[in-house]
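Chain order of the listed sequences is B and X.
With our numbering applied, the first sequence has no gaps in its numbers, which climb one by one up to 112 at the end.
With our numbering applied, the second sequence has no gaps in its numbers, which climb one by one up to 227 at the end.
Any given hint could turn out to be false.
Facing chain X, a subset of chain B residues (Cβ under 8 Å, in silico) [stated by the list, open to error]:
#1 88
#2 100
#3 102
To be clear, the hints were calculated from the coordinates, so they are not data collected in a lab.
Heads up, the beta-carbon is just placed ideally off N, CA and C, and yes, glycines get one too.
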Amino acid sequence: QKEVEQNSGPLSVPEGAIASLNCTYSDRGSQSFFWYRQYSGKSPELIMFIYSNGDKEDGRFTAQLNKASQYVSLLIRDSQPSDSATYLCAVKGMDSSYKLIFGSGTRLLVRP
Amino acid sequence: GAGVSQSPSNKVTEKGKDVELRCDPISGHTALYWYRQSLGQGLEFLIYFQGNSAPDKSGLPSDRFSAERTGGSVSTLTIQRTQQEDSAVYLCASSARRDRNQPQHFGDGTRLSIL
Numbered sequence: 001q002k003e004v005e006q007n008s009g010p011l012s013v014p015e016g017a018i019a020s021l022n023c024t025y026s027d028r029g030s031q032s033f034f035w036y037r038q039y040s041g042k043s044p045e046l047i048m049f050i051y052s053n054g055d056k057e058d059g060r061f062t063a064q065l066n067k068a069s070q071y072v073s074l075l076i077r078d079s080q081p082s083d084s085a086t087y088l089c090a091v092k093g094m095d096s097s098y099k100l101i102f103g104s105g106t107r108l109l110v111r112p
Numbered sequence: 113g114a115g116v117s118q119s120p121s122n123k124v125t126e127k128g129k130d131v132e133l134r135c136d137p138i139s140g141h142t143a144l145y146w147y148r149q150s151l152g153q154g155l156e157f158l159i160y161f162q163g164n165s166a167p168d169k170s171g172l173p174s175d176r177f178s179a180e181r182t183g184g185s186v187s188t189l190t191i192q193r194t195q196q197e198d199s200a201v202y203l204c205a206s207s208a209r210r211d212r213n214q215p216q217h218f219g220d221g222t223r224l225s226i227l
């Protein structure tokens, strides 16, 4: 079992819709969770991070964390074609190394 | 302010040659990370530096890979006797250490192609 799992997609949604991206992780002791956006040929760009159970909203983005279910999601409201990219989920555990464990990413396609 | 800077942005070399990749982290960031991303894949952790502490080298794939960080700032990743499977984008990230939950900020990467 991979440590961080994401559906590779592509997830295709029409412009203006809500895109829902999901991520599960295996280490129950994981403490911090990050969503990165990566355009083709570019480096990952931090979108949001969340540490506590529940929802965290930032503009059109909402991160949701459920530690009991070992599940974190990213909702994008009013999706725009410019949101089309690969979204990487990353998890940081309790160990002292601070390294992030990345999922392989979900490709999102927003249709005009 | 300046972000994480990596050089070169692209590197093409012949199999068997050594390569050096450079990373200049965000000013004031004490933590520095190297990752590797193969085509269509997620990021693979390679090595982590934190201040003057011993680095976490647990992700280095073989003894051909090494990295150093001089003066707690600039880092170089060296790959000796390159192989075709080393072809990938090598990404560097940095973060502030004051809070262990500080997010990592990435440079634009070095695209390495081994012929």
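Going down the list of hints, with the structure as the test:
1. Proximity of residue 88(B) to chain X holds as hinted, the smallest CB-CB distance being about 6 Å (cut-off 8 Å).
2. A cut of 8 Å between beta carbons decides the hint on residue 100(B): the least distance to chain X is about 6 Å, and the hint holds.
3. Interface hint at residue 102(B): satisfied, since its Cβ lies 4 Å from the closest Cβ of chain X, which is below the 8 Å cut-off.
The structure agrees with every numbered hint stated previously.
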